[in-house]
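Student: Each chain is listed here by its residues.
Protein chains: 2
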Amino acid sequence: MTGSHIGSFQLIAQDHQARRGRLVTAHGTIETPVFMAVGTKATVKAMSPHELKMIGTQVVLGNTYHLHLRPGEDIIAHLGGLHRFMGWDGPILTDSGGFQVFSLASLRSITEEGVEFRSHIDGAKYFLSPEISMNIQMKLGSDIIMAFDECLPYPATEQQIKQNMELTFRWLLRSQKAMTRPESLLFGIAQGGMDYGLRVKSIEQICSIDLPGYALGGFSVGEPISLMYHLLYRVAPVMPQHKPRYLMGVGTPLDLIIAIDAGLDMFDCVMPTRVARNGTLFTWKGRISIKKERYRNDPQPLDPDCACYTCRHFSRAYLRHLFLSNEILSARLNSYHNLYFYMDLMRQARAAIEEGRWATFRDHCRLTLTKNDENG
Amino acid sequence: MTGSHIGSFQLIAQDHQARRGRLVTAHGTIETPVFMAVGTKATVKAMSPHELKMIGTQVVLGNTYHLHLRPGEDIIAHLGGLHRFMGWDGPILTDSGGFQVFSLASLRSITEEGVEFRSHIDGAKYFLSPEISMNIQMKLGSDIIMAFDECLPYPATEQQIKQNMELTFRWLLRSQKAMTRPESLLFGIAQGGMDYGLRVKSIEQICSIDLPGYALGGFSVGEPISLMYHLLYRVAPVMPQHKPRYLMGVGTPLDLIIAIDAGLDMFDCVMPTRVARNGTLFTWKGRISIKKERYRNDPQPLDPDCACYTCRHFSRAYLRHLFLSNEILSARLNSYHNLYFYMDLMRQARAAIEEGRWATFRDHCRLTLTKNDENG
Chain A
1 MTGSHIGSFQ
11 LIAQDHQARR
21 GRLVTAHGTI
31 ETPVFMAVGT
41 KATVKAMSPH
51 ELKMIGTQVV
61 LGNTYHLHLR
71 PGEDIIAHLG
81 GLHRFMGWDG
91 PILTDSGGFQ
101 VFSLASLRSI
111 TEEGVEFRSH
121 IDGAKYFLSP
131 EISMNIQMKL
141 GSDIIMAFDE
151 CLPYPATEQQ
161 IKQNMELTFR
171 WLLRSQKAMT
181 RPESLLFGIA
191 QGGMDYGLRV
201 KSIEQICSID
211 LPGYALGGFS
221 VGEPISLMYH
231 LLYRVAPVMP
241 QHKPRYLMGV
251 GTPLDLIIAI
261 DAGLDMFDCV
271 MPTRVARNGT
281 LFTWKGRISI
291 KKERYRNDPQ
301 PLDPDCACYT
311 CRHFSRAYLR
321 HLFLSNEILS
331 ARLNSYHNLY
341 FYMDLMRQAR
351 AAIEEGRWAT
361 FRDHCRLTLT
371 KNDENG
Chain B
1 MTGSHIGSFQ
11 LIAQDHQARR
21 GRLVTAHGTI
31 ETPVFMAVGT
41 KATVKAMSPH
51 ELKMIGTQVV
61 LGNTYHLHLR
71 PGEDIIAHLG
81 GLHRFMGWDG
91 PILTDSGGFQ
101 VFSLASLRSI
111 TEEGVEFRSH
121 IDGAKYFLSP
131 EISMNIQMKL
141 GSDIIMAFDE
151 CLPYPATEQQ
161 IKQNMELTFR
171 WLLRSQKAMT
181 RPESLLFGIA
191 QGGMDYGLRV
201 KSIEQICSID
211 LPGYALGGFS
221 VGEPISLMYH
231 LLYRVAPVMP
241 QHKPRYLMGV
251 GTPLDLIIAI
261 DAGLDMFDCV
271 MPTRVARNGT
281 LFTWKGRISI
291 KKERYRNDPQ
301 PLDPDCACYT
311 CRHFSRAYLR
321 HLFLSNEILS
331 ARLNSYHNLY
341 FYMDLMRQAR
351 AAIEEGRWAT
361 FRDHCRLTLT
371 KNDENG
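Residue numbers (this note's numbering), protein chains in the order written: chain A, 1 to 376; chain B, 1 to 376.
Hints are computed from structural coordinates only; laboratory data are not their basis. Keep in mind it's a predicted model, so treat the numbers as computed, not measured. You may find that some hints are simply not true.
No copy is singled out in the list; a pair is fine if it fits within one copy or between any two copies.
Only pairs whose alpha carbons sit at most 30 Å apart, straight line, appear in this in silico DSS-like list of lysine-lysine [what the hints assert, rightly or not]:
#: 1; residue 1: K53; residue 2: K291
#: 2; residue 1: K201; residue 2: K285
#: 3; residue 1: K139; residue 2: K291
#: 4; residue 1: K292; residue 2: K162
This is chain A alone, in the form it adopts within the complex (with noise of 0.2 Å):
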């Protein structure tokens, strides 16, 4: 039977190895594959809400470490939790603050109980351990909430990635007693590095506690990508059929076709808010580097096959004009137009999975989707 209750996830699809499936949360069913928008410190940069929706965005991201510093989760609480403080009535994942602890905070301390570390912001000293990440996260109001980690750099030895899921493992059992709010599902992640058998370990222990999805983390932290697509191929198999399989912090568009082709179901990434930023445009056939010379003069549209407001009423030449002259409208219409470009991409996903045109959906855009501005 399968029910729409929330935390269901239903396979409507499924094309070779990529799936095409439905989340039920408590604000609203999920379609997957399925990019969700980073929304760091309670916004997706230079985005509003109403253009969230606008671009078809699913899921907005929050982030435990960040809110915890500023505003802290009491105000948000107080405000009515982080879908009303932000504006968003959509799905919100939170992560588990795990990863910025290791990224952005110095000082840490990592104990079995959890870490101790000092903010980025001011050198305040802070205590995150599994009970108290989910408990923020909860105060958040979070539909998807994320097991408290330990994240590894890369490279790391067999010992340290042995120690890292073992206590990656001990960590999600207190994750998951710590929780108390039903309308919140806890997804566990798995770690194990880049070593095969230990990936395959960690994704073992992980899913032998019963949860309504399951991440790998600890990808995109600094390994060869060829190194990474290996291992999606061979590890995805080996994560639950009937559960949603989510990647953290990936990727490029080409990055989100081999993983879906893998067998994996939801996305997040900082990429197309942050290279917009800098000028970089994803289009359908290739990146642009909108601040070249070249485009000084262009009349047509940063791509001529997207459909977005940006696309829609803009000049190459105006966008080029507007990064050069460091206007915030130049944030606001290239994090736009990428975010719309990676929603696209999703929902051409979807539909190829379930016409079972996935194989040719998937080699045309290894073709078109690596491609960039020095080589046409």
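With chain A fixed as given, assemble chain B onto it according to the hints.
Tutor: Okay, now just chain B, sitting in the frame of chain A:
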């Protein structure tokens, strides 16, 4: 006969000295009193053209100085003119470049012929004259073109003021002669410093040339605000009754009310967007500085009496959080609100004049607009 040809200005109501008018341009009719949004570098900072329409913006300003330097009027003309370049199909007014030459550029050398100066961007040498300024503005495809004038610092001697207004007058004659684009309306600019007699003389001089509109330049240049108010009430009546009267670069919400009360019709100022980016917000109960600690936990909308997107969707606490986090959405939501507030103020002013209750509206504004959150 009051035609509706390009350039016609119809006074449709008057209440005390406040005027309710209608100016026809090649890109649509402007209802006055009007606040024009400043789009310095072919974008109103942090706003999209779609949003400008949504809040009832009637006219957008472009800056000849900035657009001449970057991207250059030839590129804009090649791309179909400023309207098309920036995606704004309503009326556009362009200034002559004079003000920026005197406030931004360095190494100015003024002769009868024009002004030589160095770009504030890269130090490159440029020359502007009435003929060159008209030519640039015509290439931009501006609906309202401002005559090229010399801007006077404050304070200035009687001798300086006299020389300045005489040169400005001779440059107006040359500006008029250089104008060859029938769809563009040329407005003359009166100078005259803060001296009543010279102001009147300059107005009489400028208005002796038959033009579709006249402006007061050289206000809001550092003089005491009470001096400007005093002069406006005395000199506005000297301006032609049946032509639009434009007060350049002014001002605060209260400044606009006073100026309308004195009989002026058109206004522009960077203030609403500039202070928005610094967290200062206008409301119907006075100014708010959103970064204050007192708004940390405040669930109220910025202005409960405002119907804008910002006020309908977000709390003061969220706006404070965005500001402290230096998020682009902070500049966006704040700019949106402040510009909406200005547009709303003008909408209400127009209605009050039409309905014969201007004095009541003016007195109400005088009481409320001067408050700020220091005292309540």
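Student: Each hint: holds or not?
Tutor: Structure-based check of each hint:
| no. | hint | verdict |
| --- | --- | --- |
| 1 | K53 - K291 | both (29 Å within a copy, 28 Å between copies) |
| 2 | K201 - K285 | neither (40 Å within a copy, 63 Å between copies) |
| 3 | K139 - K291 | between (43 Å within a copy, 24 Å between copies) |
| 4 | K292 - K162 | neither (47 Å within a copy, 48 Å between copies) |
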